[in-house]
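Chains as they are written, first to last, in our numbering: chain Y, -1 to 303; chain W, 173 to 453.
Rather than coming from a laboratory, the hints here were simulated on the basis of the structure. Here a beta-carbon is modelled for each residue, glycine too, at the ideal position from N, C-alpha and C. A hint or two may mislead.
Calculated pairs, BS3-like style, for lysine-lysine (alpha carbon to alpha carbon, straight line, at most 25 Å) [what the hints assert, rightly or not]:
(1) Y/216 / Y/193
(2) Y/296 / W/180
(3) Y/186 / Y/296
(4) Y/296 / Y/216
(5) W/214 / W/237
(6) Y/193 / W/180
(7) W/177 / Y/193
(8) W/214 / Y/186
(9) W/214 / Y/296
(10) Y/186 / W/177
(11) Y/186 / Y/216
(12) W/272 / Y/3
Stretch-level coverage of chain W by chain Y, calculated; a stretch enters the list once three of its residues show a Cβ under 8 Å from a Cβ in chain Y [to be verified]:
(13) 182 to 195
(14) 230 to 240
(15) 243 to 249
(16) 310 to 323
(17) 338 to 345
(18) 383 to 396
(19) 428 to 438
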Amino acid sequence: MNRAKTTNLLFQLTTFGAAILIVILIVGMLLTLLHESWPAVRRFGFFDFLLGRRWNYADNLYGAFRPLAGTVISTALALAAAVPVALGTALFLTELCPHRLRGIIGAAIELLAAIPSIIYGMWGLFALAPFLENHFQPLAAAGPGRLPLIGSFFQSQYAGGVNLFTASMVLAIMILPFITSITREAFKQVPPILKESSYGVGATRWETIWQVVLPCTKSTVAGGVIIAMGRALGETMAVAYVIGNRHGALDSIFSPYSTITSVMANEFNEAAGLQMSSLFTLALMLLAANFLVLSLAKYLLRPRI
Amino acid sequence: MRHLKPRKAVNALIMTLATLCAALGLFLLFIILFDVLRNGLKAIDWNLFLRDPAPPTMAGAGGLKSAFLGQGLLTLTAALIGVPIGVLGGTYLAEYGRHKKISRAISILSDIAVSIPSIVIGAFVYAILVNPFGSYNGWAGAVALAVIILPIIIRTTEDMINMVPWALREAAFAMGAPYHRVIWGIVYRSAAGGIFTGVLLAIARIAGETAPLLFTSFNSNFFRLNLSGPVPSLTVSIYQYAASPYENWVSMAWAAAFVVTCFVLFLNIVGRLAIKLRVKG
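Isolated chain Y (complex conformation) (with noise of 0.2 Å):
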């Protein structure tokens, strides 16, 4: 009998450790995360870092602020075309395809979250890139291009379509899956007597989705936005692929860039110094929003009874 409890106490602090391994670990990814970046946020200071434009070898200057503005930028873009689209794909799902059809076409669309991102990258390389530069440019250049002030923004000045809009469009077919498949089950959830009700008063099917599923759903909906937001921020291979890691200003949206990603991706094998603690303090930079953005995710999305 005392054996079994010697046993089975051991077996629980075996357990109780793998448990706050996880912890541990979390914790000491970020030490080890601000220990290394140390060096660039005491030499450049964090503000001046934060908002530093430059990233120049030869002076051994670095500065965040465009790896962050090319990941922001992405990521809104991505985001501007994978909601409606996504929000679209789910009301399809929910209320208009045949029953027999819906659990196929959704579990196809969930497969695309499945296939690894450096696929999605040699895709977007060889496939979207050329595809966009040829047909979507140069009806952008003439459209929103023609426009006084911003026009530059939508005219390009680099062949090759590898820029941040190619680098955005990725990122939305990737977060595309996500976001559909956490709205199409916030949709089921609705009680179905909530829209007889509402189709009962004379409402068509689109007025009870807008006045009854949406107002229901709408914080699961922004909590799959959100999570889908985490996912396109930390995107490094697809990214790494059709961005071009660009130093420069941003003139346009068909322009070469870089994101927090894909500098890495390009220059960690290769740097030291300051560079590389520049590195670690943007690697900081990332897993920090990830962790807020994630949080708030969670925060949404939590069990209510």
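Add chain W to chain Y, keeping to what the hints say.
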């Protein structure tokens, strides 16, 4: 209330747009798979699996045998590290610590950790396992992948164990079994299928990972059963080959991409079917 006609028109318009959205999503999946299939099948042959990498000038002479073996070794080692720890951790959350606040906190933390960008994990492992030893090494690569799957396995195990009815445990307790025997004999046995599915999906997640390997095990042309140096990696090879100016390297990258995609999608489909069957049965 507005007139019926414009309301109906708006409705029809939105429903058409929604259908187009779904069609676009399906089209994208189809076109990506089609491109990978078309370019991959054009370039795939047995040499890809049987030969080691050759310089780009020797077109047709090289393969990616070492990269396949290396990627397999890294993924397997990562699973051997990550799965036992993850299952034990999940066991604590769902059994010994099930009403404790700390378990709730660890569970939420794991959920957030699932989404930590893999390149950040790569940088972290570089700082603790590569920099101090002065060389890229396979252990670092395997640990980076293990860190990625750990939270996934913890959460899956916790969820699967929570689905085991309490009456089963009580039956065993009533016969005088100590808690650890109940867990091993009853809980693990009931939850095994679900946990296994979770492990499959987690392996599918890391089998195609590139970013965390770039800074840890990097890449090499030679496979040895030894993790103390750089290890050849299929995904890193794809990254390097696809970005190269040599046509035969690019087409080899497509062939390798085709194999990785098939493997990952196969694991995913098997895992999803298994979940579906369990829910039904």
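- Ascending list of hint numbers which this structure does not respect: 2, 8, 9, 10, 14, 15, 17
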